[in-house]
Structures are given as structure tokens and as C-alpha cells.
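*Asks:* Protein chains in written order, with numbering that gives the first Met the number 0: chain W, 0 to 99; chain H, 0 to 99.
It is possible that part of the hints are untrue.
Which copy is meant is left open, so a pair is good if it fits within one copy or across any two.
[Said to hold, decoys possible] As a list, the in silico SDA-like pairs of lysine to any residue whose alpha-carbon atoms are at most 25 angstroms apart: (1) Lys6 with Asp82; (2) Lys73 with Ser96; (3) Lys6 with Phe81; (4) Lys6 with Pro40; (5) Lys73 with Glu26; (6) Lys6 with His83; (7) Lys73 with Gly91; (8) Lys6 with Glu23; (9) Lys73 with Val90; (10) Lys6 with Glu86; (11) Lys73 with Val88.
None of these hints come from the bench; they were simulated from the model. Being a predicted model, the structure only gives us computed values, none of them experimental.
2 protein chains.
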Amino acid sequence: MYGLIGKMRATPGQREALLAILLEGTEAMPGCLSYVIAQDPAEADAIWITEVWTDAASHTASLSLPAVQQAIAKARPLIAGFDHHIETVPVGGQGLSLPM
Amino acid sequence: MYGLIGKMRATPGQREALLAILLEGTEAMPGCLSYVIAQDPAEADAIWITEVWTDAASHTASLSLPAVQQAIAKARPLIAGFDHHIETVPVGGQGLSLPM
Chain W
0 MYGLIGKMRA
10 TPGQREALLA
20 ILLEGTEAMP
30 GCLSYVIAQD
40 PAEADAIWIT
50 EVWTDAASHT
60 ASLSLPAVQQ
70 AIAKARPLIA
80 GFDHHIETVP
90 VGGQGLSLPM
Chain H
0 MYGLIGKMRA
10 TPGQREALLA
20 ILLEGTEAMP
30 GCLSYVIAQD
40 PAEADAIWIT
50 EVWTDAASHT
60 ASLSLPAVQQ
70 AIAKARPLIA
80 GFDHHIETVP
90 VGGQGLSLPM
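Using the sequences provided together with the hints, build the complete structure.
*Replies:* Right, here's the structure in full:
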């Protein structure tokens with residue numbers, strides 16, 4: 000498995016708008032076992048995204064999906080920056096399943 | 000929802016043993032929507048754990064479950080320390096469901 004833990008910052012006041020785009024653009028991605036979008040309660044504009052994929056190739060391929068490309072285009076003006084980008088190797092746990 | 004992103008370090012050479020304890024001790028936890036245990040490929044002894052719970056109370060209650068208490072007791076001697084402990088407010092995504 001291939002995992003990512005990332006933190007992004009929205010431009011001031013735009014976190015809700017950015018979250019809505021992320022939630023919409025990340026449905027039905029082949030090879031995606033888990034994709035959790037979260038607010039940082041300690042930082043008004045910060046968003047954490049934690050992802051698990053069957054492999055790195057599935058993650059890379061997802062970036063070419065039309066829905067994801069549209070989400071990236073809509074989200075880009077609302078993103079101020081990225082603070083963390085950590086690659087992991089998930090070994091197991093709960094809530095890891097391929098979408099129907 | 001209530002989320003946690005944490006990094007722990009195993010004592011030198013004990014990551015695999017610690018992972019096995021964590022995987023075993025974190026099954027069937029009420030209110031747990033997602034629990035992903037991962038190796039850090041860049042750091043030989045590091046483990047990332049990302050969790051999503053229905054609420055903070057479910058997470059707190061899980062720490063009293065017999066299986067979790069046993070896992071904590073077995074794991075403690077193999078843990079060198081914790082580097083990150085981030086609370087989040089998950090808003091949605093994929094792979095969030097209550098266990099059967």
C-alpha cells in the first residue's frame with residue numbers, strides 16, 4: 000500500500016470553499032482505499048488530507064482523472080500553500096477497502 | 000467526527016514487533032471509522048497512525064477496552080517516543096464506515 004499525509008493551507012477565509020471542492024473531486028478513484036479530508040481545529044485555514052492507495056501508481060493515475068483535474072483547477076486559486084507532505088507505507092488497520 | 004494523526008518511534012529495531020501489536024490490538028473498536036497503521040519509509044523506527052472516530056468520546060472510551068489495554072501494556076516497552084500528535088476534525092472522504 001501507499002500512503003500520504005499532507006497539510007494544506009487555504010487562502011484566508013476560503014477553507015470551507017476549498018473543502019467543498021476537495022470532497023466533490025475525490026469520489027470514485029480507482030485504487031483508493033481511504034481518503035480523509037479534515038479541518039485543523041487549531042489553525043483556521045489549515046486542512047489535513049490522509050490517503051491510502053493500493054500502490055503509488057494508483058495515486059499517480061488518479062491525478063489524471065477528469066474529476067480530479069477539474070477539482071485541482073477549481074482548488075488552485077484557493078490554496079495558499081502546503082506545509083507537510085509525508086509518504087507512508089500503510090500495513091493495515093480499519094477502514095481500508097476498495098470503493099464499490 | 001474526531002481525528003488523530005500521530006507519529007511514534009519504536010525502540011531501535013523493534014518497529015515490526017510494535018506494528019504487530021498495534022495491528023492486533025486495534026480491531027473492533029466501537030465508534031472507530033478508520034484506523035491506519037503505517038511505516039515511515041524515510042525513518043527506520045517510525046510509525047504513523049491516522050485515526051477517525053465518530054467523536055472524541057469514542058476514542059477516549061477505546062482506551063479502556065481490554066484488547067486496547069493489553070496492546071498498550073505490550074507495546075509500551077517498545078515505544079521510544081512520540082513526535083507528532085495532531086487532532087483534526089474530519090469532514091468527509093472515502094473509507095469512513097463503522098465496522099460490521
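*Asks:* Given identical chains, is Lys73 near Ser96, meaning Cα to Cα at most 25 angstroms, within a copy, between copies, both, or neither?
*Replies:* Neither: 28 angstroms inside a chain and 28 angstroms across chains, both beyond 25 angstroms.
*Asks:* With identical chains treated as interchangeable, where does the CA-CA distance between Lys73 and Val88 reach 25 angstroms or less: within a copy, between copies, both, or neither?
*Replies:* The answer is between: 23 angstroms across copies meets 25 angstroms, while 30 angstroms in one copy does not.
*Asks:* Using 25 angstroms as the alpha-carbon threshold, which applies to Lys73 and Gly91: within, between, both, or neither?
*Replies:* between (33 angstroms within a copy, 19 angstroms between copies)
*Asks:* Using 25 angstroms as the alpha-carbon threshold, which applies to Lys6 and Glu86: within, between, both, or neither?
*Replies:* both (12 angstroms within a copy, 13 angstroms between copies)
*Asks:* With identical chains, the pair Lys6 and Pro40 could be close in the same copy or across copies; at 25 angstroms between alpha carbons, which is it: within, between, both, or neither?
*Replies:* both (13 angstroms within a copy, 19 angstroms between copies)
*Asks:* One pair to classify: Lys73 and Val90, alpha carbons no more than 25 angstroms apart. Within, between, both, or neither?
*Replies:* Only across copies: Lys73 and Val90 sit 19 angstroms apart there, 33 angstroms inside one copy, limit 25 angstroms.
*Asks:* I want to check one pair: Lys6 and Glu23. Are their C-alpha atoms no more than 25 angstroms apart within a copy, between two copies, both, or neither?
*Replies:* Classified as within: same-chain Cα gap 18 angstroms, cross-chain 29 angstroms, threshold 25 angstroms.
*Asks:* Are the CA atoms of Lys6 and Phe81 at most 25 angstroms apart within a copy, between copies, both, or neither?
*Replies:* both (6 angstroms within a copy, 19 angstroms between copies)
*Asks:* Within a copy, between copies, both or neither: where do Lys6 and His83 come within 25 angstroms Cα-Cα?
*Replies:* For Lys6 and His83, the Cα distance is within 25 angstroms both inside one copy (5 angstroms) and across copies (13 angstroms).
*Asks:* Could you place Lys6 and Asp82 in one of the four classes (within, between, both, neither) given a Cα distance threshold of 25 angstroms?
*Replies:* both (5 angstroms within a copy, 16 angstroms between copies)
*Asks:* Reference check for the pair Lys73 and Glu26, CA-CA at most 25 angstroms: within, between, both, or neither?
*Replies:* Only inside one copy: Lys73 and Glu26 sit 16 angstroms apart there, 39 angstroms across copies, limit 25 angstroms.
In this structure, only the earlier hint numbered 2 is contradicted, and the remaining ones agree with it.
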